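J.: Take a look at the letters that make up each chain.
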Amino acid sequence: MSQAAVPRGRARPAAAIAFTVLALVIAVGAYVLAGLGKRGNVPATIALYGSIFAIGFAAAAFTIRRYAPSADPALFPTAAVLTGLGFAMIFRLSGGLAAEQATWVAIGLAAFCVTLFVVRDHRQLDAYTYTIGLLGIVLLLLPVVPGIGRTINGARLWVKIGPIGFQPSEIGKVLIVVFLASYLTQKRELLRVATGGVGPLRLPPAKHLMPVLLAWGASLAVLFIQRDLGASLLYFGIFVVMLWVATGRAAYLVIGGLLFAIGAWVGYQVFDHVQLRVDVWLNALDPAKVFDVGYGQLAQAQFGMGTGGLVGEGLGRGSPGLIPFASTDFIFAAIGEELGMLGTAGILLLYLLLVGKGLRAALASPDAFGRLLATGLSTAVALQTFVIVGGVTRVIPLTGVTLPFVSYGGSSLVSNFVLLALLVRVSSGPAPVRPKGGG
Amino acid sequence: MERQVRQLALALGVLFVILIGQVTYIQVVSADRLADNPANAKRQLIAEYEVNRGQILAADRRTVLALSKRSPGELRFERRYPQGELNGYVTGYYSFVYGRSRLEESFNGYLAGDAPQLLPQTLADMVLGRPKRGGSIITSIVPELQEAAAQALGDLPGGVAAIDPRTGNVLTLVANPSYDPNPLSSHDPAEIRRTWEELNADPDKPLRSRASDELYPPGSTFKIIDAAAALANGYGPASTWPNPHVLDLPDTNETLSNFGGVTCSGGSRITLADALRQSCNVVFGEIGLELGAEALAEQAWAFGFAPTSTTGDVPFDVPFQEGVFPDPSYFEDRRPAVALSAIGQDNVAANPLQMALVAGAIGNGGVMMRPRLVTEVRAPDGQVVETFEPEIFSRPMTEVNAALLTAMMIEVVEGGTGTAARISGVSVAGKTGTAQHGEGADPHAWFVSFAPADDPQIAVAVIVLDGGSLGSEATGGALAAPIARAVMEAALNR
Chain A
24 MSQAAVPRGR
34 ARPAAAIAFT
44 VLALVIAVGA
54 YVLAGLGKRG
64 NVPATIALYG
74 SIFAIGFAAA
84 AFTIRRYAPS
94 ADPALFPTAA
104 VLTGLGFAMI
114 FRLSGGLAAE
124 QATWVAIGLA
134 AFCVTLFVVR
144 DHRQLDAYTY
154 TIGLLGIVLL
164 LLPVVPGIGR
174 TINGARLWVK
184 IGPIGFQPSE
194 IGKVLIVVFL
204 ASYLTQKREL
214 LRVATGGVGP
224 LRLPPAKHLM
234 PVLLAWGASL
244 AVLFIQRDLG
254 ASLLYFGIFV
264 VMLWVATGRA
274 AYLVIGGLLF
284 AIGAWVGYQV
294 FDHVQLRVDV
304 WLNALDPAKV
314 FDVGYGQLAQ
324 AQFGMGTGGL
334 VGEGLGRGSP
344 GLIPFASTDF
354 IFAAIGEELG
364 MLGTAGILLL
374 YLLLVGKGLR
384 AALASPDAFG
394 RLLATGLSTA
404 VALQTFVIVG
414 GVTRVIPLTG
424 VTLPFVSYGG
434 SSLVSNFVLL
444 ALLVRVSSGP
454 APVRPKGGG
Chain B
3 MERQVRQLAL
13 ALGVLFVILI
23 GQVTYIQVVS
33 ADRLADNPAN
43 AKRQLIAEYE
53 VNRGQILAAD
63 RRTVLALSKR
73 SPGELRFERR
83 YPQGELNGYV
93 TGYYSFVYGR
103 SRLEESFNGY
113 LAGDAPQLLP
123 QTLADMVLGR
133 PKRGGSIITS
143 IVPELQEAAA
153 QALGDLPGGV
163 AAIDPRTGNV
173 LTLVANPSYD
183 PNPLSSHDPA
193 EIRRTWEELN
203 ADPDKPLRSR
213 ASDELYPPGS
223 TFKIIDAAAA
233 LANGYGPAST
243 WPNPHVLDLP
253 DTNETLSNFG
263 GVTCSGGSRI
273 TLADALRQSC
283 NVVFGEIGLE
293 LGAEALAEQA
303 WAFGFAPTST
313 TGDVPFDVPF
323 QEGVFPDPSY
333 FEDRRPAVAL
343 SAIGQDNVAA
353 NPLQMALVAG
363 AIGNGGVMMR
373 PRLVTEVRAP
383 DGQVVETFEP
393 EIFSRPMTEV
403 NAALLTAMMI
413 EVVEGGTGTA
423 ARISGVSVAG
433 KTGTAQHGEG
443 ADPHAWFVSF
453 APADDPQIAV
463 AVIVLDGGSL
473 GSEATGGALA
483 APIARAVMEA
493 ALNR
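Line by line, the protein sequences are chains A and B.
Sequential numbering of the first sequence, starting at 24, is according to my numbering.
Sequential numbering of the second sequence, starting at 3, is according to my numbering.
Just so you know, these hints were derived from the structure itself, not from any lab.
Be a bit skeptical, because a hint or two may be false.
What the hints assert, rightly or not - Some chain B residues judged to face chain A by a derived CB distance under 10 Å, without partners named:
id	residue
1	Gly-23
2	Ala-41
3	Lys-44
4	Pro-246
Unchecked claim - Below are the BS3-like pairs computed for lysine-lysine, each with C-alpha atoms no more than 27 Å apart in a straight line:
id	chain 1	residue 1	chain 2	residue 2
5	B	Lys-44	A	Lys-312
6	B	Lys-207	B	Lys-134
7	B	Lys-44	B	Lys-134
8	B	Lys-44	B	Lys-71
9	B	Lys-44	A	Lys-61
10	B	Lys-71	A	Lys-61
11	A	Lys-61	B	Lys-134
Please read all numbers here as calculations on a predicted model, not as lab measurements.
Glycine is no exception: its CB is placed at the ideal position from the N, C-alpha and C atoms.
The whole structure should be built from the sequences, with the hints applied where relevant.
T.: In structure tokens, the structure reads:
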């Protein structure tokens, strides 16, 4: 492996502090504006929520400074801005949801700090390949277990133990990426070898193709058993991309694409709800269908974004309450209504920045595991964003996944902050042995 | 591995470019199309109520007939009508369940700020982030006259219409029973629906104006149209007509008699002027038969009547049901109907606004002005953006004949059936009517008039339905003339 062409970042504490302060100003500012726009006064909860953000962001910045001083200074602030904008929108939709989300922001930021504190060097994770992989699979399949699994909105994604409900697949997703990074780093030489071929495609031996087929089967299982189209697509996409990056074999992309096409076709033939999703995607605004529930929901999202226009109605000034699931699946449309096309494009650019910084961390990482890990994590964020935003904007059929950092939801927020911590870790390299880096 | 990561970055970048392209398409390119989608009704409603809708003002430019008030609910502005029932037939209502009516509907473009004349202001508001404001419309309604008419009418069922004969300005338009547009324009769907159902269940149909929507037999007030037709056909006011006790109707054994079965005074022959003064049915039956259906129809139509009860023949700023005089072909095998039509019975029909237009045309030298309610539109900053000039609708009479008919109508008030409309120091021209409608029903009492007769500033028509307070004893002179007089006094003393 050649020396990384992209230099590892050096510590830039001034930039990190400036960006974090800016993120705090945007986050709290958006929330205050939402309150002003909706009710005409500064929210009464300003002291509470303001301090959660201020203390949380400061703690995260301090932890980065101490345990990951060379991290990319833009990574955390970018995610923090997204979290803040999402919170402002949730607050504007429902004070009750905002209280829960604020709690989850605090827990998510704590998880971020703990992850950075515990994982001093990302290579630690490389030692537990199969433990992590197994744990990931267990979490993924947990909702299927009778008694604790719950089906919400047609997908069996939830686990309820006692009073606590959560979506284990969210954290499972992070663990699976860690597992794949570790596994593929170890096996990539084997998977690179091409023995046979069909035309210009050079294929590895059949036994090395097994992992691809296994992942494909697992994705289909997620689709068939949990009826979770979005997650199924996401996992398989992440896997194929990581396999391709690990081996450098474009053949895997082609095979993956074919398998995906077959899976999609079979899914379409077998499942009514998949057929419906496709029809809703194509005909959401058809006058003959637009009054039906499924079509109407997607149509309302379009109406919300259309109402927002170029500059939006202003935070707190629109009617995103008309958009179904406005705090979760459709939060992007709700933001589009109040912040306009400038707001939605801005949010997409923030994701692009986050993903770009993640991939840059991958390029800068000296070890293959770190590279693959950062690549996988960045891809997960990018694909998940594409799946939900593309679904909401009718680029692709809608499948319900959360918008990372923005959507309401504890499991999603906490696991995305863990994911972010791992990206920050790869970007920074191992934590300094002595806390106040002595050189 | 490094090459793949760079390619991946490029590919993911492309995905995000696609998304940015798509949000641009949705939010900028197709925003208008999405706004018009039929399933987008709720947002269309919210957008409509985002507008600070313009006011509807009276002729004095101060009295507010309709205005928009900030509302604490999801819909930003609520429509209010400070005078309640009084101006319901002018403003109409503004309901998100049942739509708009009258001026709220016909001038919606101005009131909602969508009219191109208001564009500069609308754009300025948009740039400054202010709520969109609509233009205000100035009506010709005179608040004092509205109140005088409503007060004079009291609880009697009926309607009053008054116009300025010189301009066609409608000064008064009231009817009983009326309705209050406020509950229909509230933001409470339950209240709106309840009110709507009550109004529609009411046999008196309060949502329809008795002054301008409904039709009634005009009775003897139609004789001024007969007289106009007679003058046009060469019969002067002094032309004499047989004055029998009753008129034998052709092709039947039926006869036509005068009101109360009396014989008109004046001997065996009576002048046209005297017959009008005494409102002799027998003589006007003769005149109708002599002139023929063609001549009567032509004259009535020139005054704005139409052959059928379709609306729109006389353009007006709110829906208006013109009078009806059937096509001559209707009379071909119904000769008695010609005589009956001449005394405003059979299938002839009118309402106060129609009859005020007739009276106004006579007073205005034979020139009938198009009726109008709105004279001016102002931008939210007060600047006049549109002025509507008076328009001539028709010339139903020559100036000479109009003057002759005016003189005959003065006699009606001076010494005929309409003395109750006399105003000291002012010459009033008028005509009474007592219209039968159906067996056993008490008659409708009519009065149409204008004053001052030599230079009229106001023409008024009044109908009191079903005998009003006098039952079967009701006459136009007794019941309707005092109401018309009250309105004219208010107009002339103002």
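J.: All hints are to be evaluated individually against the structure, with a verdict given for each.
T.: Hints, verified against the model:
Here the hint on Gly-23 of chain B is kept, as its CB sits about 9 Å from the closest CB of chain A, short of 10 Å. Checking Ala-41 of chain B against chain A: minimum C-beta separation of about 4 Å stays under 10 Å; hint holds. Satisfaction of the interface hint for Lys-44 of chain B is found here, the shortest Cβ-Cβ separation to chain A being roughly 6 Å, below the 10 Å cut-off. At about 70 Å, the closest approach between the beta carbon of Pro-246 of chain B and any beta carbon in chain A exceeds 10 Å, and the interface hint on this residue is violated.
Under the criterion of a C-alpha separation no larger than 27 Å, the hint pairing Lys-44 of chain B with Lys-312 of chain A is consistent with the structure, at around 17 Å. Under the criterion of a C-alpha separation no larger than 27 Å, the hint pairing Lys-207 of chain B with Lys-134 of chain B is inconsistent with the structure, at around 36 Å. This hinted pair checks out: Lys-44 of chain B and Lys-134 of chain B have alpha carbons roughly 18 Å apart, not beyond 27 Å. Under the criterion of a C-alpha separation no larger than 27 Å, the hint pairing Lys-44 of chain B with Lys-71 of chain B is consistent with the structure, at around 20 Å.
As the CA atoms of Lys-44 of chain B and Lys-61 of chain A are separated by approximately 18 Å, the hinted pair is consistent with the 27 Å bound. A distance of roughly 18 Å separates the Cα atoms of Lys-71 of chain B and Lys-61 of chain A; the hinted pair therefore holds under the 27 Å criterion. Distance hint between Lys-61 of chain A and Lys-134 of chain B is fulfilled; the C-alpha atoms sit about 18 Å from each other, no more than 27 Å.
Hint check: violations occur at hints 4, 6; the rest are consistent with the structure.
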